[in-house]
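Residue numbers (this note's numbering), protein chains in the order written: chain A, 1 to 214; chain B, 1001 to 1214; chain C, 2001 to 2214; chain D, 3001 to 3214; chain E, 4001 to 4214; chain F, 5001 to 5214; chain G, 6001 to 6214; chain H, 7001 to 7214.
Wrong hints could be hidden among the right ones.
To be verified - No more than 16 Å apart at the CA atoms, straight line, and that leaves these computed lysine to aspartate or glutamate pairs for EDC-like:
| hint | chain 1 | residue 1 | chain 2 | residue 2 |
| --- | --- | --- | --- | --- |
| 1 | G | K6024 | B | D1119 |
| 2 | H | K7024 | G | D6119 |
| 3 | E | K4024 | A | D119 |
| 4 | F | K5024 | E | D4119 |
Unchecked claim - Per the computed footprint, the stretches of chain H lying under chain G, defined by three or more beta-carbons under 8 Å from a beta-carbon of chain G, are:
| hint | segment |
| --- | --- |
| 5 | 7020-7027 |
| 6 | 7178-7189 |
| 7 | 7194-7200 |
Source of the hints: derived by calculation from the structure; they are not laboratory data.
Note that the Cβ used here is the ideal one computed from N, Cα and C, for glycine as well.
What follows is each chain in one-letter form.
Protein chains: 8
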Amino acid sequence: QTVSLDVDRAARCGFPEVVYGEGKPAPMIVEIIEAQQARGDASLVTRLDPAVAPILLNRFPSAVHNPVGRTFRLAGAGDTPSCEGFIAVITAGSTDLPVAEEACETLAWMGVRTVRINDVGVAGPHRLPERRDEFRHATALVVVAGMEGALPSVVGGYVGCPVIAVPTSVGYGANLGGIAALLSMLNSCASNVAVVNIDAGFKAGYMAGLIATR
Amino acid sequence: QTVSLDVDRAARCGFPEVVYGEGKPAPMIVEIIEAQQARGDASLVTRLDPAVAPILLNRFPSAVHNPVGRTFRLAGAGDTPSCEGFIAVITAGSTDLPVAEEACETLAWMGVRTVRINDVGVAGPHRLPERRDEFRHATALVVVAGMEGALPSVVGGYVGCPVIAVPTSVGYGANLGGIAALLSMLNSCASNVAVVNIDAGFKAGYMAGLIATR
Amino acid sequence: QTVSLDVDRAARCGFPEVVYGEGKPAPMIVEIIEAQQARGDASLVTRLDPAVAPILLNRFPSAVHNPVGRTFRLAGAGDTPSCEGFIAVITAGSTDLPVAEEACETLAWMGVRTVRINDVGVAGPHRLPERRDEFRHATALVVVAGMEGALPSVVGGYVGCPVIAVPTSVGYGANLGGIAALLSMLNSCASNVAVVNIDAGFKAGYMAGLIATR
Amino acid sequence: QTVSLDVDRAARCGFPEVVYGEGKPAPMIVEIIEAQQARGDASLVTRLDPAVAPILLNRFPSAVHNPVGRTFRLAGAGDTPSCEGFIAVITAGSTDLPVAEEACETLAWMGVRTVRINDVGVAGPHRLPERRDEFRHATALVVVAGMEGALPSVVGGYVGCPVIAVPTSVGYGANLGGIAALLSMLNSCASNVAVVNIDAGFKAGYMAGLIATR
Amino acid sequence: QTVSLDVDRAARCGFPEVVYGEGKPAPMIVEIIEAQQARGDASLVTRLDPAVAPILLNRFPSAVHNPVGRTFRLAGAGDTPSCEGFIAVITAGSTDLPVAEEACETLAWMGVRTVRINDVGVAGPHRLPERRDEFRHATALVVVAGMEGALPSVVGGYVGCPVIAVPTSVGYGANLGGIAALLSMLNSCASNVAVVNIDAGFKAGYMAGLIATR
Amino acid sequence: QTVSLDVDRAARCGFPEVVYGEGKPAPMIVEIIEAQQARGDASLVTRLDPAVAPILLNRFPSAVHNPVGRTFRLAGAGDTPSCEGFIAVITAGSTDLPVAEEACETLAWMGVRTVRINDVGVAGPHRLPERRDEFRHATALVVVAGMEGALPSVVGGYVGCPVIAVPTSVGYGANLGGIAALLSMLNSCASNVAVVNIDAGFKAGYMAGLIATR
Amino acid sequence: QTVSLDVDRAARCGFPEVVYGEGKPAPMIVEIIEAQQARGDASLVTRLDPAVAPILLNRFPSAVHNPVGRTFRLAGAGDTPSCEGFIAVITAGSTDLPVAEEACETLAWMGVRTVRINDVGVAGPHRLPERRDEFRHATALVVVAGMEGALPSVVGGYVGCPVIAVPTSVGYGANLGGIAALLSMLNSCASNVAVVNIDAGFKAGYMAGLIATR
Amino acid sequence: QTVSLDVDRAARCGFPEVVYGEGKPAPMIVEIIEAQQARGDASLVTRLDPAVAPILLNRFPSAVHNPVGRTFRLAGAGDTPSCEGFIAVITAGSTDLPVAEEACETLAWMGVRTVRINDVGVAGPHRLPERRDEFRHATALVVVAGMEGALPSVVGGYVGCPVIAVPTSVGYGANLGGIAALLSMLNSCASNVAVVNIDAGFKAGYMAGLIATR
Ligand SMILES: Nc1ncnc2c1ncn2[C@@H]1O[C@H](COP(=O)(O)O)[C@@H](O)[C@H]1O
Ligand SMILES: Nc1ncnc2c1ncn2[C@@H]1O[C@H](COP(=O)(O)O)[C@@H](O)[C@H]1O
Ligand SMILES: Nc1ncnc2c1ncn2[C@@H]1O[C@H](COP(=O)(O)O)[C@@H](O)[C@H]1O
Ligand SMILES: Nc1ncnc2c1ncn2[C@@H]1O[C@H](COP(=O)(O)O)[C@@H](O)[C@H]1O
Ligand SMILES: [Mg+2]
Ligand SMILES: [Mg+2]
Ligand SMILES: [Mg+2]
Ligand SMILES: [Mg+2]
Ligand SMILES: [Mg+2]
Ligand SMILES: [Mg+2]
Ligand SMILES: [Mg+2]
Ligand SMILES: [Mg+2]
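Pulled out of the complex, with its shape left as it was, chain A reads as follows (with noise of 0.2 Å):
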C-alpha cells in the first residue's frame, strides 16, 4: 500500500493531516477524504490539480474549491473549535493573492476569521497606515509579500502580536525564485518575524490559525 494516512494526527496535533495534492492521481485523494470524512474530520487539500478539481467536486458536491489558491476544503461532522481572535491576512502585490488564498482558506478549514488587506507593498508606504485599524487587534498576521520582501519588517513595526511572514517567488531576475524575499524576511530587524517557506501559503495560515486557536 502506498498510503501510510496519519489517522491519528486529530488527536496528537489538533487537526487532521492536510493533503499534499501536487502529484496525487483523483482516486487517491477520493480515498484519503472518504476515509477521513468516515472519522468525523474536516478535509483540506493544497496544490490541487486544476485537472482534479472537477473529479471531486462531483463526488464532494458541498465542499468549496478554490482555484486562486488551490485549495479543496470540506468540512467534517464534528465541531470546529470556535475561537474568539482573528487573522490579517496583508498582500505587498496584487500578484502575491494565490499564496494568499491558500493563507485564508486553511484558516477557514481550522474556523479561524480572517481580515484581508492586499496591494499595500512598501513602494506606496502610506496605504499601509492608512489601514492600520484593520489588522492592530489581530490575534497574528500573516505577511505575503515576493520581490524585495521588506513588508512584513514594516508591518512587524507597527503591531505587538506574531508576524508570520510568506516570500513569494513573485518578481524576476536576481530574486531567484524567491530566495531575495526569504533571505530579507529571515534577517528582519524587527523582532516578531518567523518565516515559512517560499510561496506557503498554507503553513502560515496553520501556524497563524495555532496562534489563534490557543
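Please arrange chains B, C, D, E, F, G and H with the ligands on chain A, whose structure you already have, making use of the hints.
Showing chains B, C, D, E, F, G and H with the ligands alone in chain A's frame:
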C-alpha cells in the same frame, strides 16, 4: 547623533527595544539602558561583547549577565505582564546551548516561564518521546538544532502547538554555516513549524513569548 | 563509433554496465542490450523515455518495464548470485515513490530481495517505530525522502546496519530542487548514513545490493 | 613599474583617480598623492589601513583622516566645482555608520554638501517620516542598510529623486555577509533605486556626487 | 478589492505608478489605465503579455505598443516635464535589444530624449571609442550587457556622468541566468556605475530619466 | 541599425567574427553571412535554431549544417591557413556528443584536423589508456565531460600538451546544470588543464585551433 | 543537565555513542568516557581540541591519541566483534592525511583491519593501477580526495565492492571549501560510490566498518 | 609512506612534478627537491609558507625565492628546452601582483621568456591600447584580474593568440572571494579566452608555457 532610540516601541509593540550589542561600545549601551530605566522599562542586551559585560555589571549591579547566551538583562520599574502558560526550549545537542540560553533569557525578560530539554537530537530517537510529558502542555516550543536540523520536524509531529525552529551554525563542511539546518527547517513536512535566522535565539524566544503573552 | 561499451565491467566490478537511458534513441539501446544478452549478461536500463519503452518491449517481450521507476530489466542467461539477506526500501511520502521503484528494480536485477515501507515520514513520528520489525533485520537500508530529508537520520538511530540515503526533488521553494534534502542527509547526526545524488534511486539500490551480495 | 596611474582621469571623468588603500604600503600611497598634488588634483584614499594613517598625516598635515570611514582626503590646488543641491545620507542602524562615513567623505572630496539621518530603520517605522523634511529636497539620496536591506525601498516611496542603495555586511547567519541586503535592494519594488556593491560607501557617494554636480 | 492603486504617486514621486503587466488580466490593466487617464496622468505598462496587447490597443488606439520591449505607453492630458539633456542607451550585443527597448520606452514616457548605440560589446573593442562622440555629452548612460557584463566598466572609464548598468540573462551555462553579469557590474572598478536587477530595463530607464529631469 | 558587425576581426584576431545563432532571425543571419562572403571570409554560425537551418541551406547550398552540433559552416574565398598538427576531441559519455560536434565544426572551419575518441569516461578506466596512441601526439586536446567532470584531470596526467576542458550540463540532481563538472575541472590537480564555459564546445574548439595554428 | 548520553546506542546500533569533541570542555569528555567505561563500552572522541588531549591522556593512560587525525580512542572491557575482511583507505594527496587518519582510527576502534594507500591522485594516473593488488580484495574502500575529487570515480571503476567517498576541503579558490569535491563525488559516473560530508573521515570509517562487520 | 612522488612525470608530461607547498613541512619539501635534483630535474615549489623559505634557501643556496609570488625555484642539471616566443603577463590592478608573480616564476622555471604589463585595468581604458605593441606578438597571454574580471575579454579582442585568464580574489562584498571574476571570465564574449582557478597563477603560467614550448 548616532542612535535614534525607538522610544515608544513598548507602547506600539508591547515590549521596549532590545539592544543588539554587537560592536556597540560600553558607554553607548550604558546610555541606552539608563534611558530605558528612566522610563521604567526593562532592558535586554544580546550578543554582548564579553569585555563589555563587567562594565555594565558594575554600573547595574542588580542585572543578570548570562555569559553562555551573551545576554544582559535588567528588570524595569513597571510590572511585567504575568502569563499562565510556559515555553519549552529543546536542543538537539549540547553544542546548541548558547542559542538556547539566548532564547531563555529573552523569555525571562518578557516574564515567561521556560522548561529546558537538552541534547535529545534524532540520532538517539527514543530520548525525545521519553520526555514528552515535559513539553506536551507548553503554549509553544522553541526547538534549536544544528547539523541536519531535523529535530523541529520530529517534535512538530508530537504536538499541536506552534514550533519556532532555530537553525544553528553547529557542524562542519556541507552544513554551510547553518544553511543546511535552515533549509531543512523551512522545508519541514510538519505544518506547525516556522523558522527564524541562523543562531537567532533572541528572535525565537521573542516570538514564543508573544504567543505565550497573548 | 559513438558508444564504447565497457564490456568487461561484470568481470571487474561484479555486475555488467547499466544503460543510462536519458536521451538515448531506441536503436542504440536495443543494440546495447543485444550485445549484453549475447554475452549472457543481464540488462538494466534506467531513466527510460516512456516513448521508447514499447519499442524495447516489442523486441524483448520477456523483459520487465516499470513505468513508475522508468526502468527496463532483462535477466541474463547466467545465474544471478543468490544472496541471503534483504534490503528494506523506505520512503517518507507517497510522492517519493518513483525513486524508490528505481532502487527496487536495480536490486531485483542484482538478485537481491527487498521489503517496502512507504509514507512513514517524520510528520507522523509514530508510523516508523510501529513498523520497526519489518526493517530491523535488513542487511542495509535505502531511505528515500524529499522536502527536509530528515527520515534517514531518524531511521539511522534505530538500526545498526548501513543506511543509503537518497534525497529527492519532491517539495517546492527553498527545497532548491532537492538540495535541501541532500544537505540535510550529508549533515546527518546519525553515523551510519551515506548519501547518493538527488533522485538517484539506481545508485542507492546498487550500493545496497553490493553490501547484500558481499 | 607596478603602478600605472590613470593620470588624465580628471579630464576624462571629471574627478581624479581615487586610491583603493587595501594592501597598499604607505610609500606607494605617498607617491601617488604627491603625483596628484603636483598636478593640482585633490586626493582621496579609501579602505586605508589604520597603521598607515599616521604616516600619511605626518607627510600631509593638512589632510583629513576619518578613522570610522577609513578614508584620507586632501584638497587640490584647483577649485572644486561648486554645486547647489545636497545629498542626504541615511542609515538604517548605528552599525552601518562606517559605510555612511565613507560615502560622506567621498562627497566632501567632490565638494558636495551632505545631510545625515541616522538609525531610522524600518523596525521603528515612524522615525523616517518624522524626518522627511530633512531629505525631501535632496538632489539624490544615499541609503545604507544591512540585515534585510528594506530601508531604500521604503525611502524610495517617499521621494522623487534617485536613491543609491548600499547594502552592508551588518547582520549574521542568513545575511550571508550582505548578500541578503544586496538581493533585497536589487529587487526593490521602488522604481528609483539603483544599487552598488556591499559596503561600497565610496561608490554610492561618488554616484550621488556625480548627480549633484551635473 | 484586489488592487490598491497608489494614486498620489505622481505628487509624491514626480511620475505616476507604472503597471507591472506580468500575470495581470486585460480588464484589470484597462481599469488602471482608465483611472490614470481620468486624472490626466500618462500610463506605462511593462512586461505586457503579447496576447493582452491587441485588447489594450483596441481600447486605447492612440497608445504606443512596443512588442520587442513588451511595453504599452499612453500620454496623459497634462504636460510632460521638458528636459534639456539626453540619455544614451548602449547595448553589448544584439540579443540585449528587448531590455534596451524597455528602457527607451520608459524614457519616452518620461519625456526624455534618447540616443541608441547597439552591439558595441568588448569583443570588438574598437567599436565603442569610434562612437564616443554620440554618448560623451549625455546626462547619464544606460548600459545593457549579458554574458560577462564587462561593457559598463569600460564605458564608465570614458565618461564623467553616471552609468546605470543593466545585466541581462543573455548567455548560457555559467552565466547563471544573468548572475554572472550582475556580479561583474557590482564589482566594477569604474566608480560611476550603479546597478539594477537582471533584465530590468524599466528601472534603468527610470533612474536615468530622474537624473535627466532633475 | 541593430547589428554592428566587427568587420576587421579577421585582421585583428586571425579569424572572422562567429555568429551566435541563439534568438537571431533567419534574415539577420543571412545578411551577416552575405557580408562576410562578400569580403572573402569564411562563416560559422553556432547554436543555430533547427527551424532556421533549412532557410540558410537554401540560400547557401554549399554550406555544411551539423544538426547534432547545431552549427552552420561555409568556406570563404580566401585560403584557410594550413596547419600541421591535429587536435584530439575526447568525450566521457555518448550524451556529451553535441558539445564535441560543436568543437569539431569550429576546428574544421579553422582548417584544423581533428581525431575523435568517444565514451571513454572514468567509470571504465581501461578504455582511455587503450586508445592513448590516438591522442598522445596531438597538439592540444579538447576533453568534454558532464556529471563529475573527472576525465580532463585523468587525460591531463597522460600528456604533455595543453588540455582544454569543457564541462557539459549532462547529468541530474547535484550536477547543478553543469556547475559540478565545471568546478571539478577548475580544481583539476593536473597542471595542464584550462576551462571554458559549460557546454561551450565552440570556445574549446577555438582555443585549441589557435594553439594548433600558432 | 546539559548532556543526555544515548546509553543504549550499543544495543540498538551495535556500537556505543562516539563523542564529537569540538567545543566540549575536558571535564565533560572525561565524564562521558568514564560512564562508557563503567558499562564496559569502548570510547572514541573525534575532532579533539589539541589542548584537551594531555588532560585525557593523563586520566586514561592506556588510550591512543592520534594528533594528526585529532582522535582519542580507548578499548572497552568487552570483546570487540572480530571481522575477517579489511578496509583499504586511499588518499589522493598527502594533504588529505588528517581525514584518512580519522577514518582509520574509527575502524581501529571498531576492530576492523585497514590497509593504507597514500598520494595516488589522478594527476599521476599510473600510480593507482600499480597498487591495485593491495586494495582489490578489500570488503569496502574509503577514498579521500580534495580539489576536484575525481579519485573515487576512478577507483570505483576498478573494483566490485562499495566505495565510501570523503571529499576534503583541501584546495583553494573555486574548491569552495570542499564543495567542488563533494559535488564531483555525488555525480560520480561509477555506480558503487556513496558520499559523506566534507572532511568526515569518521563517518566514512564508520560506514565501511559496518559493512565489514556484517 | 606518505608521499608517492610522480617520478616519471617529466617523461610523460614534459615537465617534472611541481610541489604544492601549502601545509607541507620543510623536511618533506627538502626531500622531494633532493630526489628531483638527483634525477637532474628542475624543481618548483608554489604556495610556500614564508617560514619555510629560509630553511630551503639555506639548503639550496643557488635557488630563487620569490616572496611576493610565494615560489621557490631551482634549475636542474639537464637543459631547459629553449623556446622562441614569449608570454605577456598582464594585470588589471597592482593588488593582483602576487598571482602574476607566481605565473612568471612558473614560466621562468619552464625556460620561457616573459613580458610584464601592470595595472592596465578597464577603469582607465586608454592604458591598454597604449601598450599594445608590447604584447601583440606574444605567443600567448596570461591576464590576471580581480573585482569584475573584465580585462581578459577586452585584451582578447585585441589579439589573435590564446589568452589564459586568471581570476583573483581581490575585491570585497559581492566579489565572493573571486567567484565574480571567475564567472565573468568563463562568460567572456571573446572566443580566445580559457580560464583557470581563482588565484591560480601557477596553472596559468604552466598552460601558457606549454603553448610557448610546442
Ligand atoms: N502546501 C503544503 N505545503 C507544505 N506541506 C503541506 C502542504 N499541504 C500539506 N502539507 C503537509 O504534507 C503532509 C502530507 O504529505 P503527503 O503524505 O505527501 O500527502 C502533511 O503532513 C501536511 O501537513
Ligand atoms: N540512473 C543513473 N544514475 C547515475 N548513473 C547511471 C544511471 N544509470 C546508469 N548509470 C551509469 O552510467 C554509465 C553509462 O553511461 P552511458 O555511457 O552514458 O550509457 C554506467 O557506468 C552506469 O553505471
Ligand atoms: N572603496 C572602493 N571601492 C571600489 N572601488 C574603489 C574604491 N576606492 C577606489 N576605487 C577604485 O579603484 C581604482 C583604483 O584601484 P587601484 O589601481 O588598485 O588603486 C580606481 O579606479 C577607483 O575608482
Ligand atoms: N599552486 C598550485 N595550484 C594548483 N596545483 C598545483 C599547484 N602547485 C602544484 N600543483 C600541482 O599539485 C600536485 C602536487 O600535489 P601534492 O602531491 O599534494 O604535492 C602536482 O601535480 C602539481 O601539478
Ligand atoms: Mg500594486
Ligand atoms: Mg548528544
Ligand atoms: Mg503522507
Ligand atoms: Mg537602532
Ligand atoms: Mg555582435
Ligand atoms: Mg558509456
Ligand atoms: Mg602528490
Ligand atoms: Mg590602478
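Report task. Enumerate the violated hints, using their earlier numbering and listing them in ascending order. Result -> none
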